[in-house]
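There are 4 protein chains.
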Amino acid sequence: MARLYDLVSTIFDRQYLPLMRPSNRPIVDLCHALLGNQGEVSGLSIATEILDVYAKSNDDEKRAFFQFLNDNLDISPDEVVFALDAYKQEPTHANYKAFLAASETPRQELIRRLNQGSGATARLVEMRRDLLAFAKEDRHLSKVDLDFKHLFVSWFNRGFLVLRPISWTSPANILEKIISYEAVHAIDSWDDLRSRLLPDDRRCFAYFHPAIPEEPLIFVEVALTKGIPDSIQNLLVTPNSVAAHAADTAVFYSISNCQAGLAGISFGNFLIKHVVHELSAELPDLETFVTLSPIPGFTKWAENNDHAVDDPEALKPMAAEYLLNAKSRGHAPLDPVAKFHLYNGAQIHALHADADTSEKGMNQSAGMMVNYLYDAKKIAQNHEALAKEGTIAASRPIKNLQKAFGRIQTENVA
Amino acid sequence: MARLYDLVSTIFDRQYLPLMRPSNRPIVDLCHALLGNQGEVSGLSIATEILDVYAKSNDDEKRAFFQFLNDNLDISPDEVVFALDAYKQEPTHANYKAFLAASETPRQELIRRLNQGSGATARLVEMRRDLLAFAKEDRHLSKVDLDFKHLFVSWFNRGFLVLRPISWTSPANILEKIISYEAVHAIDSWDDLRSRLLPDDRRCFAYFHPAIPEEPLIFVEVALTKGIPDSIQNLLVTPNSVAAHAADTAVFYSISNCQAGLAGISFGNFLIKHVVHELSAELPDLETFVTLSPIPGFTKWAENNDHAVDDPEALKPMAAEYLLNAKSRGHAPLDPVAKFHLYNGAQIHALHADADTSEKGMNQSAGMMVNYLYDAKKIAQNHEALAKEGTIAASRPIKNLQKAFGRIQTENVA
Amino acid sequence: MARLYDLVSTIFDRQYLPLMRPSNRPIVDLCHALLGNQGEVSGLSIATEILDVYAKSNDDEKRAFFQFLNDNLDISPDEVVFALDAYKQEPTHANYKAFLAASETPRQELIRRLNQGSGATARLVEMRRDLLAFAKEDRHLSKVDLDFKHLFVSWFNRGFLVLRPISWTSPANILEKIISYEAVHAIDSWDDLRSRLLPDDRRCFAYFHPAIPEEPLIFVEVALTKGIPDSIQNLLVTPNSVAAHAADTAVFYSISNCQAGLAGISFGNFLIKHVVHELSAELPDLETFVTLSPIPGFTKWAENNDHAVDDPEALKPMAAEYLLNAKSRGHAPLDPVAKFHLYNGAQIHALHADADTSEKGMNQSAGMMVNYLYDAKKIAQNHEALAKEGTIAASRPIKNLQKAFGRIQTENVA
Amino acid sequence: MARLYDLVSTIFDRQYLPLMRPSNRPIVDLCHALLGNQGEVSGLSIATEILDVYAKSNDDEKRAFFQFLNDNLDISPDEVVFALDAYKQEPTHANYKAFLAASETPRQELIRRLNQGSGATARLVEMRRDLLAFAKEDRHLSKVDLDFKHLFVSWFNRGFLVLRPISWTSPANILEKIISYEAVHAIDSWDDLRSRLLPDDRRCFAYFHPAIPEEPLIFVEVALTKGIPDSIQNLLVTPNSVAAHAADTAVFYSISNCQAGLAGISFGNFLIKHVVHELSAELPDLETFVTLSPIPGFTKWAENNDHAVDDPEALKPMAAEYLLNAKSRGHAPLDPVAKFHLYNGAQIHALHADADTSEKGMNQSAGMMVNYLYDAKKIAQNHEALAKEGTIAASRPIKNLQKAFGRIQTENVA
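Residue numbers (my numbering), protein chains in the order written: chain A, 13 to 426; chain B, 13 to 426; chain C, 13 to 426; chain D, 13 to 426.
Isolated chain A, as found in the complex (with noise of 0.2 Å):
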C-alpha cells in the first residue's frame, strides 16, 4: 500500500551516510588530507569533520582557518605561467588542461569537496556568512572570498532555483524564517505574518536552492489592490477588502534577501518577473505590477546637499530629483532601491508623501515612498536606456515633479 508515494517522500530524503570516527586531526591536515589522492573513498567523512571543527571554532580559530586558505591554498604564480607559456605555443587540450589545473586555487578545489553529504551547502552558506564579517577587518580575506562566491555563482546558478509560494498552509519552520528574515516592514508576530499571507488579496514567493529545502534564500510579498496604493501603513493595517480576482494591480510591498551568506549572488531581478509571470497566469485580469518602495538614501541625501526637509510642498519634488538626477558611480542611480528596481527595468512611476509614517520611514526618507512600476513591455528598453545611455525611465508626473524642483531652487536663489 504505502508505496506508492515512496517517490516523493525521498526525493530529498538525502539521509546521512555511516562516517568513519572523527579523526581529531587539526583541520589543516584535514584540509590536506580531503585535498589527497584518498579522497575519492573516505572524502565524505573528512569533509564533514572539517564542516563539524570548523563550526565549533571560536573565532580566532575561523580566522585562522580562513588565513591558511588565503596563506596556503592560493595559486602559484609561476606554475601558472609555467603552464601558460606551454598554453601559448600548442593549445592542446593537456596544455589546456594543465593551465585549468594550475590557475585554480586549491582552495577552490576543498570548497567543493567539502560540499557532499546532506546539509553541507548550507553550512558553506554560513561559512562564507564569517568570511564576508571577518573580511570587513582583515581585507585581504576578500580575496579568498572570490573563490567562495565563483562557486556559489555556479551552485545558485538561476536555472538551479525554485520559486514556491508561501502562504499560511506552508510549514511552521518555514514560516517562523520568513518572520525573521522580513528585512523592510518588520513582521511583528504569527498573528501579523497570518495577517500577511491568509487574505484571499495577499500572496508571497520565495526562491529555495535544492540542496538547502529549508532556507528561503529572498521573498517577496504581494498585496493584490484595486488601484495603486500610496501608503505603506494602509496597506499592512487594512484588512482585506479586495477578492483577488477582482484586483487589478499587484503591489511588491517588501523583498527580503535572507542569507548573509549569498550577499552579492543577485536573485531579485529575476524574482519579480517570475512573480509577475506566476500572478498573471493565476490572476489574468491584473494589470499592474507595481512596488511600494522606499527611499532609503533620501533624507541622507538632502542632509549632504543642505536640501531642508521641513516644507511638505517640496518634498515630492525634491525626491523626485534625487531619484533622477543623484548618481553614485556613472550612471548609476544613488538610491541603492532605486538603482535595484531600475537596473531591472522598472520605471519611476509615482511619489507619495505621508507613505511610510514609521519612524525609519520618517527618518530615511521624510515618510515618502515611491512606485516603480514593472511594465512587461518595457522592461528591456528601459534597461538599456539606463545600461547605454543613463536614461532613468520615469514617468510624466515624475518628470514634471523634478522640473518643479528646478524652478523651486532657482526661486530659492533668486
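Bear in mind the hints are in silico, worked out from the structure with no lab data behind them.
Where hints are given, some of them may not hold.
Repeated chains share a single entry, so a pair holds when one copy, or any two copies, can fit it.
What the hints assert, rightly or not - Taking lysine-lysine pairs in the BS3-like style, the calculated list, with each CA pair at most 25 Å apart, reads:
| hint | residue 1 | residue 2 |
| --- | --- | --- |
| 1 | Lys-351 | Lys-400 |
| 2 | Lys-109 | Lys-389 |
| 3 | Lys-109 | Lys-74 |
| 4 | Lys-109 | Lys-351 |
| 5 | Lys-161 | Lys-74 |
Guided by the hints, dock chains B, C and D onto chain A, whose structure is given.
Same frame as chain A, now just chains B, C and D:
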C-alpha cells in the same frame, strides 16, 4: 519525521517564463549578446534562443558552434600574464579578481549563462554529449570540453545528488528510461522490468539531479538473496524465492550510467555506498553486500596473451590471474569493472564459471562472472592499499586460484 | 494556492498494525466474535483474520459464508415489529434507537467492522464481486448484497471521491490497471497506452477512493480535436495533429468502470461533468464537449425487428429510430450507452457510418458510432424532459434521419 | 517538466464544480427537491445551496430545520409494518429491498445526498455540532441525531482514518488548530507549541479524514523519557533532556478530541495503539508506553463521600480507592479518563502527588495524576477482565495503596 514533503510538490515547478520573440540573429551574435552587459534583463530570452537554435542545428552547424567556442571564446594568454604579474607583485583582492577574470575562458561564462530557465541543464548535458562525440574526431575540441566538465563537476557535485528508489510505482516516463538505459543485462519488455522491480526481493536505486528531475543519472539493480549467487541466469530467471526480510545478502548485479553527456563525472562509487546504507537501514539482517559482475576484458586479454580459453578447468585460475595481475597504467587493474570496484574499496571475493551464458557473456568472459565484496570495515584500507602500494584485495580462494594458474603455466611450459 | 501537499505523503500511510496471532477458529465463530462485545480491543485482529480466511477460501466455502450471512445474520421481524410498536406509540429517542438496532441486519454491522486496517476496503469490494457472481445463480444471495450495497453507497459517496489525471508520468502500477480495465477500445501494449496518454492532445482522468489508492474506480479517455471526429479509427490511429491549446472540442471516447465489486454504484455521470470542468479551466478555448460512443444494442435490435442492416443508405435512419424510439422500461432508452448519457443530460448529436470498423464495432452496430453532446446550458433541462416526459433530446439532423426512417419503412411496406 | 508530480498535487484537489445559480427557494423545498428524482443531475447544486442556506441561518432557523427533519422526514411505521409482513412471509430480495427503503428515514438519505462536492463533509460535521447543542434543550431532536450518527459511524470508519505526525514542519493552518483544540494542558503561544513539537524527545500524532484534510479529528502529544515521569510540570517545563533514541519510555500526556460534531464516534482507543506501533517501529528501544493522566472526577467524588482532601498522606490511598472502586454504571469506572483507558486495555500503574499544580489540577484532583500503562501483552486480557467480570487491572503498589485506604478508613471510624 515528515520533514519536507510539501516542498516536493512545488520544488520542480519552474514554469517557462515569458520570453521575448526569437531575434533570428546568428548563434554567434547571440552568444556575444548573452556575454554582453544586457545579459541581466534579457538574458533568459537570449539563452533560450541559443539553446533552441542549437537544438535545430545539423552536425556541421554544431561543429561550427563548438569551433567558435574554441577559437573565439578562449583565454588571452597575454591578459593572463599581465594580471598574473600584478598579482605576483601584490596578491590583493583586486589583483586576484582581475586574474580570475582573465584566466577563465569566456565560453565558461557563456555556458553558465546558458543554464537558465526550465530544462536548460538537461539541454547542456545533451550539448556536451554532442561535443564529446565530435571530439573523438576533432581532438582539439576536447579542449572546449574541459570548460564544460569544469562546470558540470560543480553542478553535479555529490551534495546536490538525490537518491531515489525506483519501483513498480515509479512514474512510467522514468521507468521507460530505465529500460532504455540498462547497459549490462538488457531489459526486454515492461514485463521484464516488472520482474526486476516488483518482487519483494528486488530493489533499484537511482541518482537524480534536482534540475533534471525526469532523467536518472545512474542506477543500480539489486537482488536480495540467501547466500551469494553464482550466476546471472538464476538471478534473473528464477522467480522470487526469498522474502526481503529473510535475505542475508544484497547483490548489485547491474550498474548503468545513463547520460553520455556526463561522461567522466563519477557517481558510481558514491552510489553503491549510499545504497548499502539505505538497505542496511531498511533490512538490518543483511550481512553481505556483493556484486555479481561481468569481466568484460577477460577474453581479449587471454587472446593477447595466447592463453587458450577452451579448457574449463583452467578458466577460473586464468581469470584470477587476469584480475590480480593484469594492469593498465601503474597499479590500475586492466579490467574496467575490476578497476572501478577495487579502487572503490571492494575486494575480489569469488569467481563463477557458467555464470553468464548469454552470447555477450560467453564472448567477453567465457561465461565467467565475479563477485566483488563491499565490506564496510575494509573499504578504506582496501582502497588505500591499492592507491599507495598497488595491492589488490582478494579472498583466500581467489589468491589460491591465481597460484594454481602459476602452476598450470609452469607445467604447460614444462 | 499550494494547499495540502504535505498531507499527501502521509495520507495513505496506514501501516499494518500489530495483530494478534490467527486464532484458527472457524469463520462463523470469528464473525460472532467480531460482533460481540470484545470487538473494541481485538476487533482489528479478528477482522483481519476473517478477511484472510475468506481470501483463502474456495468457492464452496465462500458460498457457505454468504449463506451464513443470509440465514444467521438477518433481521428478526418480530423484534422489528416490537420496536416499531413502541416507536409508533412514542416516537422518542430511545424507541427510535431500539428500532434502528432491530431493523439493521447484524451482517451490515459485520461488514462495517470488517472495514478496519490497511486494505480492508479493497478486500470488501472483492468480496462483493464474488457475491454478485454467486448471486447470479443463487438469486436469494442478492438479498445479502443489499446490505453491502447500502454501505458501499455511503462509503463511495461522491464527496469522498478524488479525481486524478492519469498521464504518462503516473505510476506504472496504476497504468497497468488502466491497460487491464479498458473496456471499450482495448489497449494492446504499453506503446499503445503511451500513444493515448503522452501526446499533447490526449487526456485521461480517473476517480479514486482514498482508502483504495492504487485502484482506479472509473476512468475516461479524452481526445482534444478541432471539430467533432467521425470515426474511432482516425482518433486512435492518427498521430497527434493538434496542440492542446488549439483544440476546440474535447471528445470522450472511452469510459470504463474498473471494479466489478462496485457494480450499481454510479460514478460515471459525475465523472464526465467533473472532467468537463477541469478541461474548461485548463483550456478556456474548448467549446464543445462530446462523446464518440458505440451503439452496442443496435444490431440485435434490428434483428429482433427484422430490419435488414445490409443497405448502407438505410443504416443511419435506422440507428436514429433505434436511439430515439427503442425503449426498455417506461421512457428508458433501450441502448445502455444511450440510456447512460441521455439520463445524464446529454443529447444525441450526430451519427457516423464506418466509424468503428473493428470486428466488435461491425457486429454490434454495423460500424456506426454516435456523438452525445454535453451542453452545459441544456443538461438539466434535457435530463428533466427525459425523466418527466420521456422526451429524448436530439439535434435537428438526427430527428430528420429518424423521419427518413419512417418514410423508408412506409415505402418498404408499400 | 512540471508534470512529474502532478499526481501528487491533485490527489485531493477536488475543486468546486460549476454550480447553477442559487434558486432562492426555501430550504424545505430544496430538501424535497434533493430527495426527488431530479437529484441525479442537479443534485450537487441543490446540496450546496442547502448547505449555504443553512450556514447563513440563525439559531431559530436552524432549529426549525432540524424540527423539519424530525417531523417530516421520519419513517412511516405503517409502511415499515407493511414491508415487514411481506418479508416475513417471503424473505426475498425484492421484499428485503422494500423493507430497507421503508425502514430508513428520508432524512438519512438527505444527509447522504448533502455530502457532495468540496467541503460538504466538514459542513455536515458542523451541522451535527449545532444539532447536539440544540438537542440538549430540545431532547426530542436527539432522535434526528441518531441518523447523523449512523452515517458518521460509516463515514469515519476506522479503515478511512489516516494517522499523520504533527511536527514543527507541519502547515501553520494545521498547527493553529492544534493550539486551539488542545483540551488538557493549554498551549499558550506559538513558542509553547514549538517547545512541544520541535525537541527531539517530543512527538505528536493526529487522525485525519481524507475528506476533511485540514481538520485534525483527535491528537495525542507524546514525550520520550528515561523512566516514567511523576509530574506534568517537569514534563512541560524542563528543556529537552534526552535524545529520542536514548529514551526507554513514551508518555502520552495529552489527548484531545477536536470536533464537537463527531462526539460519540470513538477514535481514541485506536489512536493510542496505532501510535504505540509507530513509535515502536521508529525507536525499537522504547520499552514502556504509559500515560500521564488527570483524575478529573476525584475531588468531586471525595466531597460527595465526605472524604477530606487536606491530609497529604491520605491522598494517594484515597485516589487508589477512587480509581479502583468508584463505579458509575455496572462495572464502569466513575472517572471518565480511567474509564477510557481501562476499557481500552490499560492498567493503573502509579499515582503521583503534586503532579499537576495548576489551578485546574488542584481543583479537580488535589494535584494528583496517574499513569495508565499500555502493556501490549496484557491489553486484551485487561479489557476482557473488565468487560466480563468488572476487574480493574492495577499494579501491586496501587492495590496496596487501596488497601491502605481501607485501613485508614477503619482507623478513622475507630
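Open item on the list: Let me make sure I understand: some of the numbered hints might not hold for this structure. Which ones are they, in numerical order?
Closed with: 2
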